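J.: So the chains spell out like this:
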Amino acid sequence: MTAILKIENLHARLTGGREIVKGVSLVVNPGEVHAIMGPNGAGKSTLSSVLVGKAGYEVTAGSVTYLGRDLLALGAAERARAGVFLAFQYPVEIPGVNNMYFLRAALNAARRGRGEPELDAAQCLKAVKAKLKLLDIGDDLLKRSVNVGFSGGEKKRNEIFQMAMLEPKLAILDETDSGLDIDALRAVSNGVNRLRDPNRAIVMITHYQRLLDYIEPDFVHVLSEGRIVASGDKTLAAELELSGYAAFGKAA
Amino acid sequence: MCGVAIDPAMTALQDAFLTVAEAAREPAWLAQWRNRAMQGFIELSLPTRAEEAWRFTDLRPLITPRGLPAQAQAASADPFQLAAHRLPGEAHRIVLVNGRVAPDLSQIGELPHGVWLRSVSETINLRPDLIRAAFDVSDAFGAQSFAALNAAFFSDGFILAVEPGVVLRHPVEILHLGEAPDSQAYHLRNAILVGADSQASVVETYIGSGPGWTNAVTNIDLGGGAVLRHVKVQAEDAAAIHLAVTRARLAETAHYDSFSLITGARLSRQDIQVAMAGEGASLQINAAYLLRNDQEATIAPTVDHRARGGQTNELLKGVMADRAHGVFLGSVMVREGADDTDARQLNRNLMTSPTARVDTKPELTIHADEVKCSHGATVGDLDEAALFYLESRGIDPVAARTMLIEAFATEVLDVAALPSEIDAYTRRYLAAWLEGDSQ
Chain A
888 MTAILKIENL HARLTGGREI VKGVSLVVNP GEVHAIMGPN GAGKSTLSSV
938 LVGKAGYEVT AGSVTYLGRD LLALGAAERA RAGVFLAFQY PVEIPGVNNM
988 YFLRAALNAA RRGRGEPELD AAQCLKAVKA KLKLLDIGDD LLKRSVNVGF
1038 SGGEKKRNEI FQMAMLEPKL AILDETDSGL DIDALRAVSN GVNRLRDPNR
1088 AIVMITHYQR LLDYIEPDFV HVLSEGRIVA SGDKTLAAEL ELSGYAAFGK
1138 AA
Chain B
-16 MCGVAIDPAM TALQDAFLTV AEAAREPAWL AQWRNRAMQG FIELSLPTRA
34 EEAWRFTDLR PLITPRGLPA QAQAASADPF QLAAHRLPGE AHRIVLVNGR
84 VAPDLSQIGE LPHGVWLRSV SETINLRPDL IRAAFDVSDA FGAQSFAALN
134 AAFFSDGFIL AVEPGVVLRH PVEILHLGEA PDSQAYHLRN AILVGADSQA
184 SVVETYIGSG PGWTNAVTNI DLGGGAVLRH VKVQAEDAAA IHLAVTRARL
234 AETAHYDSFS LITGARLSRQ DIQVAMAGEG ASLQINAAYL LRNDQEATIA
284 PTVDHRARGG QTNELLKGVM ADRAHGVFLG SVMVREGADD TDARQLNRNL
334 MTSPTARVDT KPELTIHADE VKCSHGATVG DLDEAALFYL ESRGIDPVAA
384 RTMLIEAFAT EVLDVAALPS EIDAYTRRYL AAWLEGDSQ
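If you read the protein sequences in the order shown, they are chains A and B.
Counting in the working numbering, the first sequence runs from 888 upward without gaps.
Counting in the working numbering, the second sequence runs from -16 upward without gaps.
Keep in mind that the hints were calculated from the coordinates and are not lab data.
Small disclaimer: the values here were computed from a predicted structure and weren't measured.
Don't be surprised by glycine CBs; every beta carbon is placed ideally from N, CA and C.
A hint or two may mislead.
Derived contacts from chain B toward chain A, CB cut-off under 10 angstroms, selection only [to be verified]:
no. : residue
1   : Asp366
2   : Glu367
3   : Ala368
4   : Leu370
5   : Leu373
6   : Ala382
Isolated chain A, as found in the complex (with noise of 0.2 angstroms):
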């Protein structure tokens, strides 16, 4: 079985900046689903950063292999295509951007990518409604600009649905439920959830253990001053919720 993703003492950085991410290795298989839980500053966001190929990152030491690919090789638009999703913790509001435009567009990107025909606007549209039901979203929402005047909730599910959409081999979800109160969270959550498949993996990057209590891990990272300071399954959240990060600080 080829790993979805691969992860070799990778050692990144802002560009010019210190060293943030230090040496972090990591398997990811289909059909997993991982959590990497830290801090504020252990290097969460620079990681997923650097997976996604966000600029302004240098990576200065090791490797990142996507199904067999050099992940690391390709420009974001590239990692999309190729099957990486990111669900932005701050999504981005693009003011004049319709939705319903702007999903095509991504639609079929991810259909060229995959080798498939690409949809017209009718074809469109009706692979969008039926994904709506999935997430509960009402259809008001194809109408309005990318983000612009959702509130909180919405955006995140906005997410969510989109990756419904694109249909991702690995989907790594930052800080997916900062922000969301409970019944948002499992509107999130399920959506998710039904998003699971043996030929997906979901890699979800948080600081709290909440969100793991609606999505349940197969492993659980912690990630602590750059590095995954243990590893194990889902009771470690558990456990790091009792003792605190501060126990797993100095670790490995």
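Please build the complex by placing chain B on the supplied structure of chain A, with the hints as guidance.
T.: Just chain B now, kept in the frame of chain A:
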């Protein structure tokens, strides 16, 4: 400064004027009027950068080794070439080629009773009263040298006159094609006179090839309660020059709705001078200008609130790529007694390249009480976070840029809320510009 000696060129221009005047065989009053305009131009000469209103405008591309470009000769055009630029749906169409109405390409169709739509050259002979009314609307050659030069040299143009109480259902479509192979001038003089409680819409499109110079003056007079929608698409050749002055006078409760899309010409300038003369007149000026390479465009709306309760809304947005230069010179004046004026003026600019240039000068002068006025300008570049968000969804960087530029520019179209056929027509020219961006 232009840095070009104008004196020998001026002599050549005067010679040219005499030739034109002799050949014109126009009524004596008009010949006299042209003559005065020529004298006016000689006194004014070309504007220089020492003048505030021309400080940002580089007129050098206009000056040929022999001075100002000479008047273009009449020419014909390929109807198939024009077909792509036609307004969809029914319209009263006038096609001009190199500054002259081409009757065989025009199709005015049936006009309602009380509507005059003809070329200037025909109107001079058939309805001199309209020509006088049209050209006396505002001072023809007092302040602006290019308007004076235009008055001296104009070759043709269109006259639309709508009698009071008439609604012109279909738009008037004016298509100007400039095809001169070298620097030649198209001096166009137009007038739109809309009587009290009448309604009309006019869509002007300027296209062509080669380095021709369009110098257009359009006088607009709106009677009480009249409504005019005026759309202009300037998509001239990248080597062309386009200077245009539109002057409008609005009587009480008249409404003038102006929309411009500017993507063409190496050097262009659009002056829109509006006198809010009657109580409760309302005005919308919306414009999008998208420039690349070494294009330079100035848009200069000047609004003069002279009566109570006037309303002005302006949204003008510029996109500057490469080394392009966009200039906004906006001025709103509220005179003494023009109380309860509500005027808003906003210029927003997007620079997509570090070598692009923007100058923006929104001005507001208020001499009345109880007014609501605002003005502002912004200059920014593409939102990096939005670009990354689009890329993270598989959209290529170039396509993502285009999407954001389009979103920025189309806000003006959304605000303008043009009738669907005109809206779709305008968006085609916008799309053509954006396509050029993604190449």
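J.: Does each hint fit the structure? Answer for all of them.
T.: Tested hints:
1. Residue-level restraint check for B:Asp366 holds (minimum Cβ-Cβ distance to chain A is 8 angstroms; threshold 10 angstroms).
2. Taking 10 angstroms as the C-beta contact cut-off toward chain A, the hint placing B:Glu367 at the interface holds, the least distance being around 8 angstroms.
3. For the restraint placing B:Ala368 at the interface with chain A, the shortest Cβ-Cβ distance is roughly 5 angstroms, inside the 10 angstroms limit, so the hint holds.
4. With a cut of 10 angstroms, the hint placing B:Leu370 at the interface with chain A holds, because the nearest CB-to-CB distance is about 9 angstroms.
5. Interface restraint check: B:Leu373 against chain A, minimum CB-CB distance 7 angstroms, threshold 10 angstroms, status holds.
6. For the restraint placing B:Ala382 at the interface with chain A, the shortest Cβ-Cβ distance is roughly 7 angstroms, inside the 10 angstroms limit, so the hint holds.
In the structure shown, no violation is registered for any of the earlier numbered hints.
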